[in-house]
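Peer 1: Heads up: the protein sequence lines correspond to chains A and B, in order. Residues 1 to 320 in the numbering used here are what the first sequence spells out, letter by letter. Residues 321 to 627 in the numbering used here are what the second sequence spells out, letter by letter.
Hints listed in this document are in silico derivations from the structure and should not be mistaken for laboratory results. Virtual Cβ for every residue (Gly too), placed ideally from N, Cα, C. Keep in mind that a hint or two might mislead.
Said to hold, decoys possible - Computed far set for chain B versus chain A, every beta-carbon distance over 10 Å: (1) 370; (2) 386; (3) 531; (4) 601; (5) 612.
To be verified - Pair by pair, the computed Cβ-Cβ distance ranges are: (6) B:391 with A:50: 25 to 35 Å; (7) B:465 with A:50: 53 to 63 Å; (8) A:93 with B:439: 26 to 36 Å; (9) A:80 with B:476: 32 to 42 Å; (10) A:84 with B:609: 29 to 39 Å; (11) B:333 with A:27: 24 to 34 Å; (12) B:351 with A:42: 45 to 55 Å; (13) B:334 with A:281: 52 to 62 Å; (14) A:139 with B:582: 38 to 48 Å; (15) A:184 with B:582: 32 to 42 Å; (16) A:50 with B:582: 19 to 29 Å; (17) A:93 with B:549: 47 to 57 Å; (18) A:186 with B:549: 52 to 62 Å.
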Amino acid sequence: MPSSALTAAHPLKDVTASDSALRRFLHGLPGVDAVGLEGRAASLGTRSIKTTAKAYAIDLAISMVDLTTLEGADTPGKVRALGAKAVKPDPTDRTTPSTAAVCVYPDMVAVAKEAVAGSGVKVASVATSFPAGRAPLTVKLADVREAVAAGADEIDMVIDRGAFLAGRYLKVYDEITAVKEACGTSARLKVIFETGELSTYDNIRRASWLGMLAGADFIKTSTGKVAVNATPANTLLMLEAVRDFRAQTGIQVGVKPAGGIRTSKDAIKFLVLVNETVGEDWLDNHWFRFGASSLLNDLLMQRQKLATGRYSGPDYVTVD
Amino acid sequence: MSEKSEQQRLSVFKTYKLYVGGKFPRSESGRVYEVTTKTSAADAAGKGKWLANAPLSSRKDARDAVVAARKAFGGWSGATAYNRGQVLYRVAEMLEGRRDQFVREVADAEGLSKSKAAVVVDATIDRWVWYAGWTDKIAQVVGGGNPVAGPFFNLSSPEPTGVVAVLAPQESSFLGLVSVLAPVIATGNTAVVVASEKSPLPALSLAEVLATSDVPGGVVNVLSGRTAEIATPLAAHQDVNAIDLAGADEVLAKELEIAAADNLKRVLRPQPVDYTETPGIDRMTAFLETKTVWHPTGSLGASGSSY
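Starting from the given sequences, assemble the full structure and let the hints guide the process.
Peer 2: Here you go:
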């Protein structure tokens with residue numbers, strides 16, 4: 001696995017030396033052809049994936065799900081139920097793969113950790129005052145440290161969109177590096193840009209590079225708490241960014257679209273995007289994830305349909 | 321001049337479409353098939369006059385229709401019986417307004433004269449009103465308090481079964497259709513209807529009536545096409561709770577009944593029915609389940625026991 005930090009000698013190291021250098025670099029990134037991007041994402045969405053390829057894609061998608069519950073009303077019981085579901089998504093069919101992770105709030109990490117113990121399912125925790133990220137840095141770092149101390153394998157942080165939109169890129173950069181440091185060596189860091197709040201594709205490209213320069217292990221589209229979440233277009237854009245970043249630095253960064261992906265069909269479209277943009281290296285739950293909750297049930301129903309030939313229904317999967 | 325332009329006017333053909341979730345989509349498969357008139361001569365020669373192209377539904381259309389029906393079930397079954405009656409009566413009002421159109425379609429579909437078709441259409445509208453009246457009365461007939469030996473108030477009430485797949489009768493394309501559809505939705509179920517294979521046009525036009533008469537989208541979904549092709553996935557579908565096999569022939573009905581057994585669907589077997597006669601409540605009770613509640617009442621007093 002390539003190291004996830006730029007060596008001091010790398011030419012890209014200079015671009016984070018000062019606020020103005022960073023701005024010059026980010027604004028020097030080529031502009032995004034919005035029409036072309038959306039057209040490309042739409043055309044890749046028309047691929048027909050059937051029979052054995054579909055079965056493979058569904059199992060792969062299940063193994064990439066970050067099964068998520070991020071509600072104010074989360075109870076330990078609900079988190080335990082979610083953990084059990086992540087380990088054995090379909091108890092009636094033991095060949096169903098486990099999901100990649102469960103994603104919870106920091107105070108539920110310990111409960112989730114216990115629920116998935118011994119299964120290989122990771123526990124991801126949102127932190128840094130999710131979803132708004134409007135808190136002092138000390139509070140955000142304390143949030144992260146608590147989650148890591150409780151055993152979180154992955155930290156999903158939100159960037160300070162206010163600072164980003166105001167053009168204070170170095171502040172965002174410093175915050176990500178500080179959080180990365182707080183994650184230590186045990187936790188992988190996912191950086192959420194909340195693409196729905198960044199307004200333009202150019203901003204999404206800049207944010208992607210900013211996050212990767214700062215040492216993100218994953219870049220993630222959104223929190224799932226705003227109107228526009230993961231779309232094929234913004235995910236494609238981020239996939240292009242991680243591809244280009246690896247070409248320049250040798251560092252591989254994961255991508256996680258989150259929110260708004262509800263059907264197997266959608267999920268498979270995203271997998272096509274991955275395969276066609278960054279290739280098979282990313283077709284693994286170490287490098288690509290789906291942040292979703294209701295998606296898993298649809299994947300399971302499709303899986304049952306493929307196995308039995310009968311259309312399944314919501315009575316045959318858990319309610320969550 | 322005006323006379324000439326009138327002669328040259330091209331008639332506007334209607335594109336018949338499916339009715340799924342309150343919308344009128346074409347078949348997902350993009351297929352259509354020719355619908356022709358039924359005449360005695362055509363029976364002999366094998367082909368009648370071309371009427372229209374109807375969508376030839378695929379199993380994915382069936383799947384989409386079940387999803388729509390499931391989504392609509394909560395609202396429709398939760399509506400008060402009185403309200404359902406009002407909505408269904410409204411359908412009858414709309415049917416009355418389109419009476420001429422249905423007379424024409426039924427005459428073409430079933431090879432009837434205009435006057436005979438008019439009798440059928442009138443009977444159909446009356447049938448609809450009849451079932452509209454039953455919505456808030458069926459509970460009194462098949463439910464009620466049960467005398468039990470214990471300190472309980474014991475109450476049974478009928479509940480809708482859920483999503484019902486309805487294979488409409490093949491011969492009676494309108495009266496038969498309404499006679500099997502109306503009892504299903506009157507009791508609070510939602511329906512996926514497979515229209516008569518040879519004469520689906522009255523069913524597809526009925527969908528237009530339903531769409532404009534307060535029936536929530538998804539309560540009734542109408543599919544046209546090959547009955548066997550659409551019915552097979554419906555019978556095996558795990559999210560369909562019951563199936564009415566009225567439009568299936570003997571061989572198909574047996575196959576479908578076997579497929580339906582997998583998730584214990586309620587099955588109403590095809591039976592010879594004269595649709596012109598008053599139907600009775602059998603078709604309504606076929607798709608009702610009985611919920612019984614035992615409510616403790618406390619001591620029965622000097623003569624009874626307490627708990």
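Peer 1: It remains to establish, for every hint, whether it holds in the given structure.
Peer 2: Verification of the supplied hints:
1. 370: holds (33 Å)
2. 386: violated (7 Å)
3. 531: holds (25 Å)
4. 601: holds (28 Å)
5. 612: holds (22 Å)
6. B:391 with A:50: 25 to 35 Å: holds (26 Å)
7. B:465 with A:50: 53 to 63 Å: Hint holds: Cβ distance 56 Å, inside 53 to 63 Å.
8. A:93 with B:439: 26 to 36 Å: At 56 Å between Cβs, range violated.
9. A:80 with B:476: 32 to 42 Å: About 38 Å separates the Cβ atoms of residue 80 of chain A and residue 476 of chain B, which means 32 to 42 Å holds.
10. A:84 with B:609: 29 to 39 Å: holds (31 Å)
11. B:333 with A:27: 24 to 34 Å: Given a distance of about 58 Å, which is not inside 24 to 34 Å, the answer is violated.
12. B:351 with A:42: 45 to 55 Å: For residue 42 of chain A against residue 351 of chain B, whose Cβ atoms are near 25 Å apart, the range 45 to 55 Å is violated.
13. B:334 with A:281: 52 to 62 Å: holds (54 Å)
14. A:139 with B:582: 38 to 48 Å: violated (55 Å)
15. A:184 with B:582: 32 to 42 Å: At 52 Å between Cβs, range violated.
16. A:50 with B:582: 19 to 29 Å: Between residue 50 of chain A and residue 582 of chain B, where Cβ atoms are some 24 Å apart, the hint holds.
17. A:93 with B:549: 47 to 57 Å: violated (28 Å)
18. A:186 with B:549: 52 to 62 Å: Between residue 186 of chain A and residue 549 of chain B, where Cβ atoms are some 56 Å apart, the hint holds.
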